[in-house]
Amino acid sequence: MRYAETGFNLEVDLTRGNIEKVATDPRDTELYLGGLGTNAKILWDRVGPEVEAFSPDNLLIFGTGLLCGTPATGCNRTIVTTISPQTKLMVFSMMGGFWAPELKYAGYDKVILRGKSPDLVYLYINNDKVEIRDASHLSGKGAIETGEILKKELNESKAQVAAIGMAGENRVYYASIEQGRSSASRGGIGAVMGDKGVKAIVVRGTKDINVADPEKYIELCNEVLEYIKFREENPIPGVMAILSRLGSPQEMAVHDEKWHTENFSWGNSRTRRKDFWTEEVATEWKETLESARTRLISCYNCPMKCGATLSLPGLPTYMMKCFTKLTYTMGAFSNLEFGLRIAQKATEYGLDGYSTPQVMAFALELLEDGILTDKDFPEMPADTEGRFYYLLDKIVRREGIGDTLANGTHWAAKEIGNGAEEYAHNNIKKVEQLPLKLFMMNPIYYLMYCTGEKMNITQIEGQFPQAPFPKREHREKFVKDWFQVPDEKFKQYFLDWEMRGEENVTPFYPTVEMTCEIVDWQEKMHYIDDALGMCAGLSSFHLKPPYHMHNFPKFITAGAGLEMDQDKLTKAAKRYRTLVRANNIRRGMRRKDEVPPADHWKKRFPELEKELLDTYYQYKGWNNDGIPTKESLHELGLDYVAEDFVKRGILTDGEDSPFEDTSSEEAMAEKEKK
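Sequential numbering from 323 applies to the sequence shown in our numbering.
Hint data in this document are derived by calculation from the structure and do not stem from the laboratory. Some hints could be false.
As the list claims (entries may be wrong) - Beta-carbon label-pair distances, calculated as ranges:
{"no.": "1", "residue 1": "Lys-969", "residue 2": "Arg-617", "range": "50 to 58 Å"}
{"no.": "2", "residue 1": "Glu-374", "residue 2": "His-577", "range": "40 to 48 Å"}
{"no.": "3", "residue 1": "His-872", "residue 2": "Arg-349", "range": "23 to 31 Å"}
{"no.": "4", "residue 1": "Ser-461", "residue 2": "Lys-627", "range": "47 to 55 Å"}
{"no.": "5", "residue 1": "Glu-470", "residue 2": "Glu-737", "range": "31 to 39 Å"}
{"no.": "6", "residue 1": "Lys-580", "residue 2": "Lys-529", "range": "47 to 55 Å"}
{"no.": "7", "residue 1": "Leu-547", "residue 2": "Val-968", "range": "47 to 55 Å"}
{"no.": "8", "residue 1": "Lys-811", "residue 2": "Lys-627", "range": "44 to 52 Å"}
{"no.": "9", "residue 1": "Gly-959", "residue 2": "Glu-721", "range": "47 to 55 Å"}
{"no.": "10", "residue 1": "Phe-927", "residue 2": "Lys-580", "range": "24 to 32 Å"}
{"no.": "11", "residue 1": "Glu-824", "residue 2": "Asp-347", "range": "17 to 25 Å"}
{"no.": "12", "residue 1": "Asp-691", "residue 2": "Val-603", "range": "26 to 34 Å"}
{"no.": "13", "residue 1": "Lys-925", "residue 2": "Asp-705", "range": "34 to 42 Å"}
{"no.": "14", "residue 1": "Arg-349", "residue 2": "Leu-547", "range": "32 to 40 Å"}
C-beta: ideal position from N, C-alpha, C; glycine also.
Modelling step: build the complete structure from the supplied sequences, incorporating the hints.
Below you can see the structure in the form of structure tokens.
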């Protein structure tokens, strides 16, 4: 018997209209856990580096986390994986809500889409009944609207629907997949779904999921619930509001936006407004949010209320969570009401709330500086808010300049030329990042931004504090109940972090070696979440979370029946994290791609940055170009990756050194000769 997982994937060939229920290999679960881990293995095995995002041979994988559908609190994530049209790399994005548990209850761990449908269709899954159905009547419909239409048509009020809007249908490179209470947004996965001709996937399931040791599992779940209650009653002092409690993050409950509005940048990620947050603004924004917010809501099996339903006069009700609350407002230099209103329309269109406002602000900046002209924007309104609505429609419909902008700032700038590339300045691996601009280079942020492959701001947030506390007594109090650390040394690292002094201040503290260990810990927790289906708001994103390196192995053992301890879990996470990287190395990603935006920090330290990347690569078992070495691949049981790398000339037969310099022009030229 398979525990926690169903043991079956649903394979859908859209070109042929063929549907298969395929049994999975339990050995893959042992090696890669589930969710992102097994998604990465499937993509490696079946999607070669020559396959483009919009090729029929590309796969779109909806993977449930290993523990989704079990009683584990907050474990509800769907991990959607494909090749991105924006980055040309493997991309994965998570969505919460209820979709993943529902798929488990229908009897499947994954839905794997391949090929292309000649007509617009939707997939209907109701336990053992699976059908590809005509969706021509849904063409052009909003993503949330589509879900409501289908639930009524099917008379399935409890069905869960993942759908795209017009942006996905028209293959906008930052189109999202919307799912009522959550979305998978980064990297253009909605565009891939649209390219495959799939408007929606409807799921209804009524089967059971088995756990290996029910009594122990419920005991662990109750411990987590008790700790969540404790943290809610005892928020962490001295940190920003969204980190003092748990949640993913609770932007819909937070009113104080001083830190975000004064430290994040406005417009095209350039302008900081240090004196913006006044008492008048605070009062106005609080009234706006409270009048629009109908209620706070949760995802499946979770007591945290991180999202909210919003109802603004004249608009349909929709769900919002996280930083999209501010992105449109700050992109347009407007107010919160405008941001909430335009976000409703963008959600129906199915657009990434991080990239979209930056692309529109980028276009207006090009217009202001004469790189684009009024001819590129026929009949565009004169006011900024009107311009944002105008550009939103043009982008989604790919009309005029919108057709260029629909490819994101990186590709749009290349097409526009005439100096436009200098304005596409907030990208990492061709994806628009959140507009965080700070004064001093932060070594932990630097490594996570450079080497992260999640394409999401939360990849740099973690279980180690982002800044030192003012007094040692505050730090001593913090570490007293900091049992989540995987090693006691992390407590000492934080105790020694001073706000002033020569050796214990940013950017030279934490030291390079400490930074590598901290970043590896933070990243590892995110990757474990993404295999298990756990919400980062109860694990990797937060300080002192209820899920951590000490109880995750117990959950896997009692839930999935896999004998697990901290060392085994660490190795498993490293294995599939390395496989994610291997997918992207095979597609051309190298050290040259792992740089943060040039203006991300006002004060930079080139020598330190080089040392950080050099040391981290060596720490991870990668060579100086960021490629996992044969030795490190062998240790993880990934010899098949090493063999592929040697065959393709990415590694050589004799390349065992973990730090062979392959990044210089001379070394690159020598490799090409070979």
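Checklist entry - Can you give the numbers of the hints that this structure goes against, from lowest to highest? => result 4, 8 and 11
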